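Generate coordinates for the entire structure from the input sequences, incorporating the hints supplied.
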Amino acid sequence: MATTVDPKQLDNTLDDPAERSPLVTGGLDYEGVTDAAAGVWDADRPPLLWWGLLAVALSLLGLLGACVNHLLMSGTGVWGNNNPVYWGWPIVNFVFWVGIGHAGTLISAILFLFRQNWRTSINRAAEAMTIFAVVCAGLFPGVHIGRVWVFYWLFPIPTEHLAMWPNFRSPLLWDVFAVSTYATVSLLFWYMGMVPDIATFRDRTRSKIGKFIYGILSLGWTGSSRAWHHYEIAYTILAALATPLVLSVHTIVSFDFAVSQLPGWHTTIFPPYFVAGAIFSGFAMVVTLLVPARKICGVENLITIRHLENMNKIIMATGLMVGTAYGIEFFMAWYSGVEFEKFALSNRAFGNYWWAYWIMVSCNVLIPQLFWIKWCRTTPWFMVIVCIFVNIGMWFERFVITITSLSRDFLPSSWAYFHPTWVDLSMLVGSFGLFFTLFLLFCRFLPIIAMAEVKSIMPHGDGHH
Amino acid sequence: MSNETENQTAASTEDQELVGLLAQFDDPDSLIAACNNAREAGYKKMDAYTPFPVHGIDPALGIKRSFLPFIVLSVALGAVVIGLGMQWYTNGGSIGGKSTDSFWPFPGYKFQISGKPYFSLPANIPVTFEVIVLSSAFATFFGMWIINRLPRLSNPLHRVSRFKRVTNDKFFLMLEKKDELFSETESRAQLDSWGAVAIEEVNQDLTDTKLPAWFTPLAFVGALLLMLPPVAIFGAYGANSRKPRLHVVPDMDWQHKFKTQVLSPNVGTKDNVDYLFIDDRAMRQPVEGSVAFGSMMDDSEMFYGIKKDAFEASMLAKDARFQLASTSSEDKDGDDAAAPAEDVSQWITGFPEGFEVNQAALDRGQQRFNIYCAVCHGYAGNGDGLVNRRALALAANGKAKWTAAKSLHDPVVKDAAKNPTGRIFDTITNGRNTMGPYGAQIPVEDRWAIVAYIKALQETGIEPVAAGESTDAEADTDAQAATKTEDAKKE
Numbered sequence: 041m042a043t044t045v046d047p048k049q050l051d052n053t054l055d056d057p058a059e060r061s062p063l064v065t066g067g068l069d070y071e072g073v074t075d076a077a078a079g080v081w082d083a084d085r086p087p088l089l090w091w092g093l094l095a096v097a098l099s100l101l102g103l104l105g106a107c108v109n110h111l112l113m114s115g116t117g118v119w120g121n122n123n124p125v126y127w128g129w130p131i132v133n134f135v136f137w138v139g140i141g142h143a144g145t146l147i148s149a150i151l152f153l154f155r156q157n158w159r160t161s162i163n164r165a166a167e168a169m170t171i172f173a174v175v176c177a178g179l180f181p182g183v184h185i186g187r188v189w190v191f192y193w194l195f196p197i198p199t200e201h202l203a204m205w206p207n208f209r210s211p212l213l214w215d216v217f218a219v220s221t222y223a224t225v226s227l228l229f230w231y232m233g234m235v236p237d238i239a240t241f242r243d244r245t246r247s248k249i250g251k252f253i254y255g256i257l258s259l260g261w262t263g264s265s266r267a268w269h270h271y272e273i274a275y276t277i278l279a280a281l282a283t284p285l286v287l288s289v290h291t292i293v294s295f296d297f298a299v300s301q302l303p304g305w306h307t308t309i310f311p312p313y314f315v316a317g318a319i320f321s322g323f324a325m326v327v328t329l330l331v332p333a334r335k336i337c338g339v340e341n342l343i344t345i346r347h348l349e350n351m352n353k354i355i356m357a358t359g360l361m362v363g364t365a366y367g368i369e370f371f372m373a374w375y376s377g378v379e380f381e382k383f384a385l386s387n388r389a390f391g392n393y394w395w396a397y398w399i400m401v402s403c404n405v406l407i408p409q410l411f412w413i414k415w416c417r418t419t420p421w422f423m424v425i426v427c428i429f430v431n432i433g434m435w436f437e438r439f440v441i442t443i444t445s446l447s448r449d450f451l452p453s454s455w456a457y458f459h460p461t462w463v464d465l466s467m468l469v470g471s472f473g474l475f476f477t478l479f480l481l482f483c484r485f486l487p488i489i490a491m492a493e494v495k496s497i498m499p500h501g502d503g504h505h
Numbered sequence: 495m496s497n498e499t500e501n502q503t504a505a506s507t508e509d510q511e512l513v514g515l516l517a518q519f520d521d522p523d524s525l526i527a528a529c530n531n532a533r534e535a536g537y538k539k540m541d542a543y544t545p546f547p548v549h550g551i552d553p554a555l556g557i558k559r560s561f562l563p564f565i566v567l568s569v570a571l572g573a574v575v576i577g578l579g580m581q582w583y584t585n586g587g588s589i590g591g592k593s594t595d596s597f598w599p600f601p602g603y604k605f606q607i608s609g610k611p612y613f614s615l616p617a618n619i620p621v622t623f624e625v626i627v628l629s630s631a632f633a634t635f636f637g638m639w640i641i642n643r644l645p646r647l648s649n650p651l652h653r654v655s656r657f658k659r660v661t662n663d664k665f666f667l668m669l670e671k672k673d674e675l676f677s678e679t680e681s682r683a684q685l686d687s688w689g690a691v692a693i694e695e696v697n698q699d700l701t702d703t704k705l706p707a708w709f710t711p712l713a714f715v716g717a718l719l720l721m722l723p724p725v726a727i728f729g730a731y732g733a734n735s736r737k738p739r740l741h742v743v744p745d746m747d748w749q750h751k752f753k754t755q756v757l758s759p760n761v762g763t764k765d766n767v768d769y770l771f772i773d774d775r776a777m778r779q780p781v782e783g784s785v786a787f788g789s790m791m792d793d794s795e796m797f798y799g800i801k802k803d804a805f806e807a808s809m810l811a812k813d814a815r816f817q818l819a820s821t822s823s824e825d826k827d828g829d830d831a832a833a834p835a836e837d838v839s840q841w842i843t844g845f846p847e848g849f850e851v852n853q854a855a856l857d858r859g860q861q862r863f864n865i866y867c868a869v870c871h872g873y874a875g876n877g878d879g880l881v882n883r884r885a886l887a888l889a890a891n892g893k894a895k896w897t898a899a900k901s902l903h904d905p906v907v908k909d910a911a912k913n914p915t916g917r918i919f920d921t922i923t924n925g926r927n928t929m930g931p932y933g934a935q936i937p938v939e940d941r942w943a944i945v946a947y948i949k950a951l952q953e954t955g956i957e958p959v960a961a962g963e964s965t966d967a968e969a970d971t972d973a974q975a976a977t978k979t980e981d982a983k984k985e
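Top line first, the protein sequences correspond to chains Y and F.
Sequence positions in the first sequence follow the working numbering and run 41 to 505.
Sequence positions in the second sequence follow the working numbering and run 495 to 985.
Treat the hints as calculated values from the structure; they're not laboratory data.
Some clues are possibly wrong.
Stated by the list, open to error - Computed beta-carbon distance windows for the label pairs:
hint	chain 1	residue 1	chain 2	residue 2	range
1	F	Gly732	Y	Ile309	49 to 59 Å
2	Y	Val190	F	Ala726	17 to 27 Å
3	F	Ala726	Y	Ile425	54 to 64 Å
4	Y	Thr364	F	Lys751	52 to 62 Å
To be verified - Below 20 Å or equal to it, Euclidean Cα-Cα: the simulated SDA-like pairs (lysine to any residue) are:
hint	chain 1	residue 1	chain 2	residue 2
5	Y	Lys248	F	His652
6	F	Lys610	Y	Phe295
7	F	Lys538	F	Arg643
8	F	Lys604	Y	Pro211
Values in this document were obtained by computation on a predicted structure and should not be read as measured data.
Positions of the beta carbon are idealized from the N, C-alpha and C atoms, including for glycine.
As structure tokens, this is what we get:
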């Protein structure tokens, strides 16, 4: 323990080529990490703010439940979907949420394979966010199928009365497989990574119910070195499996559009463009969530400004990719020489939905440019504002792609303007209720920081700075 | 926590058994050093317990590399076959010319999409990929836990209160009693010399490992009882019953609407029935004067083969239907010319305005004629069709009654004055004598095409012959020759 304070402990965003900047600040040792990470969970009562947020989230969840009930009782006509825009907000919301659900697995899998140690503090919360976002995403096509009680017809299950099977040539069916595989693998990955930390909770809890539940969930984990050996290999394999998976999911989501022949949809740039957009929106959501969460849960020494800054850099990079894709779309429309493509793209920017297009461009391309300035990407309250704009922009991106192309198809006589209903709006707002309810419960009852992983990247031997 | 300490103090009692010695270390480096010492001392059955994976501990403990990757690889390769096979089977792929859509009990289903093959690799790659990833992830996840022999409901290590910090910040090394070198005093001394901060005995409690005697039979009975509801449900699902099925989800099976051929709702009482509509029917008739789409038959020359003025006159005579339809019961002796009530002048003698006689129409007429007419009248119109020949043979033996099909080259049939084109059209539409009506099978344009083709056949100069003498080859050449005289027939 030195009497002079290491400047990097105060501001770990400083880059010194001779030495790695610390990823855990505040001079925490192993026990300190555990205490800090389990702070909110340790407390007898969660902070008042948590209750307030939960109340808001639960009331929005109730709104969602009421809307879904109304939808099931009355049919999909309660939405604004109508000729020619048969894919309205439900598909927009689906793609929006699935996109958000990409950051978690990206952080846990791809950054793991690239040995980016800074991922350890944020991966747990990001993975949780992924799963909750996929839950929200799955809801929309789930209720869009009309007769939800026969949802199992989506899967290749032999049924006597249907006497047919799914059509494996359809991108919509690929989507069923991609999203359900993604949800399952993300859940396995998340849970497996969490087992050692749940064991920590099992060993810390003082309540009998907690001992029982965490005891079962931790599967009898003891931290045996043999177990760790197989565990680490399994974790690497899962990361290696999840990496192509995470890229495939939004690729296949983009096939829903790209395999059709509608102008503005039928382009080969869609898969990479969608994947970049997914990572972009996912990281924006992680930052939006973690900035307040690190404050409320008291984990500022674990999720440091450096972590946030790194994520903001990724947001800026993917934002530029998305911006490039917007430009390339115009180039391809012009270069193809197809008048329908040219019309579709010029209609996007200057047609009836010009306002949506320019909201999208300013939120996704212009606003993230602020992150070139260091103050902007290292000031928590400011980056949250930018990231909220990014999320708004990414919702509008899906809106623009879906609605503008459908409302102006080949046949001018069927052109129409899309009008959402109050059910559309309430379900979008309500899905945030579902998302935040799950996230708040996660913050309170499960380890929000991958403690074991954070400890493994701490300076070895002398854990006491 | 207090009962654990009691257990510790009562370690020497009979119902406990020593499992091993647990040594605590405060940092990973001293743990690795101790592991190296233990391995060099010859211990084999030992394990280290750490809050996070400590790198370098595997060689120190002599842990062999995991074989998990090979399990995952074999599952992934199997998933390629399963993923592709599933799509091939369910979408009606075929093997050796035999498609799965005839397989029992779950046949494949062929989707006809733009003439594409039922199975082709590119369209099946995404799903195959997802199946591979999903199966491999399951293999990884469950394989890892099985290799680690987890989940484990009870572990004597958890009885050591100090061990709780293994998931927080402390590091442990356990020497197991099963090891050949293990001896309680000696091993303890060794651990002490390797720098252990604390050493604890790990004991297994033998008392609470036994289940109560009643548990097994009760659990068995309980499991059997739990199986009853699903068995009952599946039994009912597969059973035959005269009663309607239980509809858990009604779908659209019952709707608030009336179907055709039912009574209209009763607005009176049960005894004094009063149906809503005056004709008692729920089904409504079209408004008078309305014409269903595609049913406008205002051109009498086109649709009936009757001249316009004659048609109007007959409409005024009110019972137009009887006048217009020359029915098969009209004359008994089979002689058209002798039909008493028929006004031959009502029929048009050429073709209606909307129908153009040209090569395409004649080709179409020939094709339709060969489908509908040739079976009786023969390809050349000689009345020697296969059905006619067979029926005549049967009639000759007294096995059937049959009126021979007319030869279209019969002078009476050929006579344009007695048999104008409108009448031929009417014959096709409504039938004549024993010939049945073809109006329902053959569209109007096709009927006129057949009429044109018949007129062309008649112009070829084929002599009417007895049944069976004409050949098909003859008819074909005749038909070709007939088209040359096309203009002459337009009249």
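Hints versus structure:
Hint check: F/Gly732 to Y/Ile309, Cβ distance near 52 Å, so the stated range 49 to 59 Å holds. Restraint check, Y/Val190 to F/Ala726: a C-beta distance of roughly 22 Å satisfies the suggested window 17 to 27 Å. The given range of 54 to 64 Å is respected by F/Ala726 and Y/Ile425, whose C-beta atoms sit roughly 60 Å from each other. Distance hint check for Y/Thr364 and F/Lys751: the Cβ-Cβ separation is about 56 Å, which falls inside the suggested range of 52 to 62 Å.
A hinted pair counts as satisfied when its Cα atoms are at most 20 Å apart, and Y/Lys248 with F/His652 qualifies at roughly 15 Å. In summary, the hint linking F/Lys610 to Y/Phe295 is supported, as the alpha carbons are separated by about 19 Å, within the 20 Å threshold. Restraint check for F/Lys538 and F/Arg643: the C-alpha separation of about 19 Å stays at or below 20 Å, so the hint holds. Restraint check for F/Lys604 and Y/Pro211: the C-alpha separation of about 17 Å stays at or below 20 Å, so the hint holds.
The structure agrees with every numbered hint stated previously.
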